[in-house]
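Quick note, the sequences are listed as chains A and B, same order.
So for the first sequence, the working numbering puts the first residue at 1453; every next one is plus one.
So for the second sequence, the working numbering puts the first residue at 34; every next one is plus one.
Accuracy of the hints is not assured; some may be wrong.
[As the list claims (entries may be wrong)] No more than 25 Å apart at the CA atoms, straight line, and that leaves these computed lysine to aspartate or glutamate pairs for DMTMM-like: (1) B:Lys125 <-> A:Asp1625; (2) A:Lys1478 <-> A:Asp1625; (3) A:Lys1615 <-> A:Asp1552; (4) B:Lys125 <-> A:Asp1464; (5) A:Lys1478 <-> A:Asp1468; (6) B:Lys125 <-> A:Asp1468.
[Said to hold, decoys possible] The following label-pair restraints were derived from C-beta to C-beta distances: (7) B:Met101 <-> A:Arg1612: 50 to 56 Å; (8) B:Ile80 <-> A:Phe1473: 17 to 23 Å; (9) A:Val1466 <-> B:Ala43: 52 to 58 Å; (10) A:Pro1493 <-> B:Asp166: 28 to 34 Å; (11) A:Leu1477 <-> B:Gly87: 24 to 30 Å; (12) B:Ile80 <-> A:Arg1474: 20 to 26 Å; (13) A:Gly1536 <-> B:Gln158: 38 to 44 Å; (14) B:Ser102 <-> A:Leu1646: 36 to 42 Å; (15) B:Ile80 <-> A:Asp1558: 40 to 46 Å.
Derived by calculation from the structure, the hints in this document are not laboratory data.
Beta carbons: idealized from backbone N, C-alpha and C, even for Gly.
Below, each chain spelled out in residue letters.
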Amino acid sequence: MSTTLLQPAFADPVLDAQRSFRAALKALAGPGLVQPLEQAPPLQGLAPASYALCLALLDGDTPLWLAPAFDTPTIRANLAFHCGCAIVSHREQARFALLDDSELGDLQGFDLGNDRYPDQSCTLLIQLPQLDGGRPLAWRGPGIQHQNRVALPLSEGFWRERKARNDFPRGLDAFFLAGHSVIGLPRSTRINCLEPTPLAEEFA
Amino acid sequence: MSSAPVALHAARQQWIGVLARAHRGELSGHEAALRDTEYQLIRAPEIGMTLVRGRMGGTGAPFNLGEMSVTRCVVRLADGRTGYSYLAGRDKAHAELAALADAHLQGSQQARWLSELIEPLARSQAARRAKKDAETAATKVEFFTLVRGED
Chain A
1453 MSTTLLQPAF ADPVLDAQRS FRAALKALAG PGLVQPLEQA PPLQGLAPAS YALCLALLDG
1513 DTPLWLAPAF DTPTIRANLA FHCGCAIVSH REQARFALLD DSELGDLQGF DLGNDRYPDQ
1573 SCTLLIQLPQ LDGGRPLAWR GPGIQHQNRV ALPLSEGFWR ERKARNDFPR GLDAFFLAGH
1633 SVIGLPRSTR INCLEPTPLA EEFA
Chain B
34 MSSAPVALHA ARQQWIGVLA RAHRGELSGH EAALRDTEYQ LIRAPEIGMT LVRGRMGGTG
94 APFNLGEMSV TRCVVRLADG RTGYSYLAGR DKAHAELAAL ADAHLQGSQQ ARWLSELIEP
154 LARSQAARRA KKDAETAATK VEFFTLVRGE D
């Protein structure tokens, strides 16, 4: 029986969920800025920020797709108990996906929404070891006055995948989570190389 | 499914029901014994609403009777046993005690808890119910139609 795996979640379910939701809103409203997200305890394999966002965003109406790294009995039991969300095995059915950095080279299958309801796309919750230390990129777009310099430790593959699936208004919104922090990346943000590289590549 | 888990399930349903219908005062008498263990709240007592639906005569089309407040709680003892409670009303302390009792009842001391806690509660609930039924029966009105003088 899975009940022995259950752990406590938010200390104050209502206020902590509201604080976490507020942090998620701010993260998407100001792409690239780090927001604190420290209401939840850690859960085996899940950072406190990832767990807090799961607890705040998931419920019985939001099927979740779990990357293999997170598909453990403990995570399944606790998300099913505290969120009541269905855990689906097909990416196409998911409204949220919990990913680790090994999954980012392939974003195929996630729902991008449709032209009438672009909001029905799948939102990616991406847990990283940390939120800096990668190649600095310039983020521009709605919510950013000039540009934000963000150095997420992501491979080129992720940016290529994101660009390939960004067909505004359809597209994927993402939250990057590590420790007690979150950075939001809505589909409307344009990513440019900060310094001219030999390739001078442009993403999205 | 084999019959043993089914019987266990039915027994647990029965005691969870008894705990939910118990009066708060009846449970508080056992509070010290119930809390005399290491435990943590997996889901602290919380109050919510649930929609009660009914069927006219038990067989008709379902209709929404109304909403009622419900309090629920889940505890886990140090040895991993989890106790659940759902009860009508807004009494958080009652929900916590009922969840603790459910956890205790799944352990090795089940017979003792059944005889000391559940059976007396079930007896007093049966007595209350019988008294209420008797009161209700006394007010019963038998309707019948007199012969009308039309023919």
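For each hint, the structure was consulted:
no.: 1; hint: B:Lys125 <-> A:Asp1625; in the structure: violated (39 Å)
no.: 2; hint: A:Lys1478 <-> A:Asp1625; in the structure: holds (14 Å)
no.: 3; hint: A:Lys1615 <-> A:Asp1552; in the structure: holds (19 Å)
no.: 4; hint: B:Lys125 <-> A:Asp1464; in the structure: holds (15 Å)
no.: 5; hint: A:Lys1478 <-> A:Asp1468; in the structure: holds (15 Å)
no.: 6; hint: B:Lys125 <-> A:Asp1468; in the structure: holds (20 Å)
no.: 7; hint: B:Met101 <-> A:Arg1612: 50 to 56 Å; in the structure: holds (54 Å)
no.: 8; hint: B:Ile80 <-> A:Phe1473: 17 to 23 Å; in the structure: holds (21 Å)
no.: 9; hint: A:Val1466 <-> B:Ala43: 52 to 58 Å; in the structure: violated (35 Å)
no.: 10; hint: A:Pro1493 <-> B:Asp166: 28 to 34 Å; in the structure: violated (49 Å)
no.: 11; hint: A:Leu1477 <-> B:Gly87: 24 to 30 Å; in the structure: violated (40 Å)
no.: 12; hint: B:Ile80 <-> A:Arg1474: 20 to 26 Å; in the structure: holds (23 Å)
no.: 13; hint: A:Gly1536 <-> B:Gln158: 38 to 44 Å; in the structure: violated (31 Å)
no.: 14; hint: B:Ser102 <-> A:Leu1646: 36 to 42 Å; in the structure: violated (56 Å)
no.: 15; hint: B:Ile80 <-> A:Asp1558: 40 to 46 Å; in the structure: holds (44 Å)
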